[in-house]
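Engineer: Chains as they are written, first to last, in our numbering: chain A, 1 to 102; chain B, 1 to 411.
Just so you know, the hints here were simulated from the structure itself, not pulled from any lab data. A few of these clues could be false.
DSSO-like mimics (lysine-lysine), calculated; alpha carbons at most 30 angstroms apart, straight line [as the list claims (entries may be wrong)]:
| hint | chain 1 | residue 1 | chain 2 | residue 2 |
| --- | --- | --- | --- | --- |
| 1 | B | K239 | B | K199 |
| 2 | A | K88 | B | K282 |
| 3 | B | K282 | A | K68 |
Since this is a predicted model, take the numbers as computed values, not measurements.
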Amino acid sequence: MEKTIGNKTVNVSEDGYLIDLNEWDKDVATAIAQEEGITLADDHWKVIEYLQNQHKNDVPLTIRSVGKSGVVDIKGFYALFPEGPLKKASRISGIPKPVSCI
Amino acid sequence: MTKNIVILGAGTAGTMMSNHLRRALDKDWKITIIDQRTEHHYQPGYLFVPFGVYGPEDIVKPIEKFIPDGVNLKLGAIDKIYPEKDKVVMVSGEEFDYDILIVATGTDIAPEETEGMMGPHWQKDVFDFYTLEGSSALAKKFRDWEGGKLVINIVEMPIKCPVAPLEFAFLANAFFEQKGMRDKVDIVFATPMSGAFTKPKATEKLDYLLNEKNIEIVPDFNVMAVDGEAKTIMDYGGKEVSYDVLVTVPTNKGSDLMERSRIGDELNYIPTDRATLQTKVKENIFAIGDATNIPASKAGSVAHFEGEVLLENVLNYIQGKDLKEGFDGHANCFIETGHGKALLIDFNYTHEPVSGTFPFPGVGPLNLLKESRMNHMGKMAFKWIYWNMLITGRHLPFVTTKMQEAGKNFD
Numbered sequence: 001m002e003k004t005i006g007n008k009t010v011n012v013s014e015d016g017y018l019i020d021l022n023e024w025d026k027d028v029a030t031a032i033a034q035e036e037g038i039t040l041a042d043d044h045w046k047v048i049e050y051l052q053n054q055h056k057n058d059v060p061l062t063i064r065s066v067g068k069s070g071v072v073d074i075k076g077f078y079a080l081f082p083e084g085p086l087k088k089a090s091r092i093s094g095i096p097k098p099v100s101c102i
Numbered sequence: 001m002t003k004n005i006v007i008l009g010a011g012t013a014g015t016m017m018s019n020h021l022r023r024a025l026d027k028d029w030k031i032t033i034i035d036q037r038t039e040h041h042y043q044p045g046y047l048f049v050p051f052g053v054y055g056p057e058d059i060v061k062p063i064e065k066f067i068p069d070g071v072n073l074k075l076g077a078i079d080k081i082y083p084e085k086d087k088v089v090m091v092s093g094e095e096f097d098y099d100i101l102i103v104a105t106g107t108d109i110a111p112e113e114t115e116g117m118m119g120p121h122w123q124k125d126v127f128d129f130y131t132l133e134g135s136s137a138l139a140k141k142f143r144d145w146e147g148g149k150l151v152i153n154i155v156e157m158p159i160k161c162p163v164a165p166l167e168f169a170f171l172a173n174a175f176f177e178q179k180g181m182r183d184k185v186d187i188v189f190a191t192p193m194s195g196a197f198t199k200p201k202a203t204e205k206l207d208y209l210l211n212e213k214n215i216e217i218v219p220d221f222n223v224m225a226v227d228g229e230a231k232t233i234m235d236y237g238g239k240e241v242s243y244d245v246l247v248t249v250p251t252n253k254g255s256d257l258m259e260r261s262r263i264g265d266e267l268n269y270i271p272t273d274r275a276t277l278q279t280k281v282k283e284n285i286f287a288i289g290d291a292t293n294i295p296a297s298k299a300g301s302v303a304h305f306e307g308e309v310l311l312e313n314v315l316n317y318i319q320g321k322d323l324k325e326g327f328d329g330h331a332n333c334f335i336e337t338g339h340g341k342a343l344l345i346d347f348n349y350t351h352e353p354v355s356g357t358f359p360f361p362g363v364g365p366l367n368l369l370k371e372s373r374m375n376h377m378g379k380m381a382f383k384w385i386y387w388n389m390l391i392t393g394r395h396l397p398f399v400t401t402k403m404q405e406a407g408k409n410f411d
């Protein structure tokens, strides 16, 4: 479905995740983060960039793998994106909902 | 000239492949299977041990009993795989050269990954049920337990048999009801997922069953540490859950062999093509079962369905043909719900479990995503099927490798 985020119309899934990463930009990310009650700072952007790169390389993401990435540890990841860090960070990064759960 | 296939691991997947390959290949191919254990365990049986349904005699058989004639079984620990030399080296120093390697080393629990998990409380107040020791210790604990707060916790995904923790909760509910002490036991299910299971439609149904059985669900709970003295588990977000008995499903990891050989991911799973089962390490290395990193359930049924695809692709590889993208992620799992009933789910990479009938569309006799006695009988019959058909690589009657879409109620 289509949704207006910030001042841009993008395609999102039922859960509000971007369908096409090409529609993502920093304004979209900032607007989604606002919906989640998060104000993006440098540390957030580093994580977002890491998640997007992993996604582009087809690497499945887990909280553990993010924690071992060297970009942020698990505690820090929770501090940046409280409660569901991987879900929230994925949505803000414009990548699909994590399917760590199989 | 003699050629060599080496299979690492003689569990469900490896044993099955040794049977498949011995039947399919002529005597020019020497098949060696390596494992350090002498026992083959029927792992789906662990779930029933804490409740006194199965004992060790139902679960343990000698490993060599299921390895066919004409396959060389080597007992011992493997030190390293050398992909560039097409060689496996044992801890003893003995070496095995291979033309084709099949990695079937499975997955195991790693409780030491969680701070405070191991300690004097291990197998006293904190138990696993993914080992025979763990589930036997729990059986002993439950025999004269007077009640309290029973917390079932999944540390992180992926885990072997993702439905087992739920089944454990359901069976515990029925067990304490039958003992006439359900009012003295609080059952809590704390999970890192947002609900009971990994797929939305099944989660809806299973969340309903948890509620109906008065099992409290604590979602989005990612354990950071266990405090064995205070009997509390804490998550990264600051939440705490106290327990009297903690039944943990610890972090699952593949074999350390992957780390030593530098071919695994951060959980020691081997990167593998999800459709062909060829690893991304080298073209003559294949992987099957829980050892891979493919996004399918870690379960015996999955290994079974993979087996038929892998056999075909090993033969394709030998003949220099293209590999077939034959594996669709098919899983088929019974979910025990207690009091002689069970659910059945059937799904793959693209289709989540839905309601319907199985294996005959519109007929059954098994019901998908619905509690029934027939499903429970299917689960109990599975033990016989496992020992007599599954690990010896026989095709299961009526059950197809690719998931069937007929007879299912998709939206």
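Engineer: Evaluate each hint against the coordinates.
Structural biologist: Hints, one by one, checked against the model:
1. B/K239 - B/K199: OK: B/K239 and B/K199 at ~25 angstroms, within 30 angstroms.
2. A/K88 - B/K282: Violated, at about 36 angstroms.
3. B/K282 - A/K68: holds (25 angstroms)
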